[in-house]
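A.B. asks: Here's the letter readout for the chains.
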Amino acid sequence: GAVVSQHPSRVICKSGTSVKIECRSLDFQATTMFWYRQFPKQSLMLMATSNEGSKATYEQGVEKDKFLINHASLTLSTLTVTSAHPEDSSFYICSARPLLDEQYFGPGTRLTVT
Amino acid sequence: QKEVEQNSGPLSVPEGAIASLNCTYSDRGSQSFFWYRQYSGKSPELIMSIYSNGDKEDGRFTAQLNKASQYVSLLIRDSQPSDSATYLCAVNPGLTGGGNKLTFGTGTQLKVEL
Chain A
53 GAVVSQHPSR
63 VICKSGTSVK
73 IECRSLDFQA
83 TTMFWYRQFP
93 KQSLMLMATS
103 NEGSKATYEQ
113 GVEKDKFLIN
123 HASLTLSTLT
133 VTSAHPEDSS
143 FYICSARPLL
153 DEQYFGPGTR
163 LTVT
Chain B
73 QKEVEQNSGP
83 LSVPEGAIAS
93 LNCTYSDRGS
103 QSFFWYRQYS
113 GKSPELIMSI
123 YSNGDKEDGR
133 FTAQLNKASQ
143 YVSLLIRDSQ
153 PSDSATYLCA
163 VNPGLTGGGN
173 KLTFGTGTQL
183 KVEL
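Chains A and B, in that order, give the protein sequences.
For the first sequence, counting from 1, position 58 maps to 110 in our numbering; every step adds exactly one.
For the second sequence, counting from 1, position 75 maps to 147 in our numbering; every step adds exactly one.
Hints are not guaranteed to be accurate.
[Claimed, not checked] Taking lysine-lysine and the DSS-like style, the derived pairs with C-alpha atoms no more than 27 angstroms apart in a straight line are:
1) B:Lys183 with A:Lys116
2) B:Lys183 with A:Lys118
3) B:Lys173 with A:Lys116
4) A:Lys93 with B:Lys114
5) B:Lys183 with A:Lys72
To be clear, the hints were calculated from the coordinates, so they are not data collected in a lab.
Every value quoted in this text rests on a predicted model; they were computed, and no experiment measured them.
The following block holds chain B by itself, in its conformation from the complex (with noise of 0.2 angstroms):
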């Protein structure tokens, strides 16, 4: 079975510190990996995705991804309470496991506090 794990946190940061999520992934052939942020009581949104090894830089959002090591990262710096939320790991393991569905990890919930 393809998995996606997070820790569930909840991950508690200072206002303007970084904040790091870590998610790690099972499919060793997945090709795509996707960073999504959700509030409580609305639906994801899309922060994120990275397709290559290294880093990807959006704003204060910074992808990381480690294909030999199974794992993508997101660093959110100047942390700011807006951005508590959940943050959801997605994954696509490609045309070899199952196309082009999600898989997500059961996220990690960030607290930003002042």
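Isolated chain A (complex conformation) (with noise of 0.2 angstroms):
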């Protein structure tokens, strides 16, 4: 399959700053990357959508000021949580799709907000 890295793999941050989160197609080109949410026992959520290129499109309820997303090449794109506070700790996930529509997922960033 498909390989998609992710950078970092855990960070512990103080409320008020910034992080970001690199996601990387390693072996293929993707267009659209994907990044989501997951919450202790809970199922995956997704927060947007990352196009190469150009603007990515959020899903309802997703703040795009606090969670920037950009996808400046073929295999690259980042997720920047401005301003994190407590209630954004949580498993940040990308995916990336090489063909058809499967989309493979990056190993998660587990983000700690104190």
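Take the two lone chains, each set in its own frame, and fit them into one complex as the hints suggest.
C.D. replies: Structure (structure tokens):
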């Protein structure tokens, strides 16, 4: 299967600071990547669709000014959580599609805001 | 609202038995269907995709799709303790239902007991 990486795997930050998470497709080009959030014992929640060279499409209820997405190349998308608060603590996972509509997930980033 | 429903479980099966996981979806126009496995604290891993009615086999896994009844299932033969995980059903509603986004069920927790 296709390989998607994320960095960092785990991050702890103080309330009010910003955190950037990188998502890379390692062996394929991805014009579209997806960002999900998952709280403990809950299912995946799609936050936004990241499109290379254009603005991201955010799901209803997701603050675009708080969760900044940049998809600057065909292999890299970044998610920046701005002015993070403890309620933003979660497991953030990206995915990408090498072909058809099979999505492959990165290993995830566990964010803890203190 | 497009929905994908799964029994949350836990589904307990003895080692060596067949585990049967079921999923129903509401959007009749859905085009493609996926099963992901998610271990606790990890990101989802794609294990099966199916696009047409009938069965698709890959090793110990068999996906079954019945579009008329709007259900998709996953059979795991010769279940092993390492199969213990949460299994997520995902559906792509197709172009009329939101394009390339996946709708996930809440997952079924499978426990394979020694």
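A.B. asks: Could you work out which of the previously given hints the structure breaks and list their numbers from low to high?
C.D. replies: Hint check: 1, 2, 5 fail, others pass.
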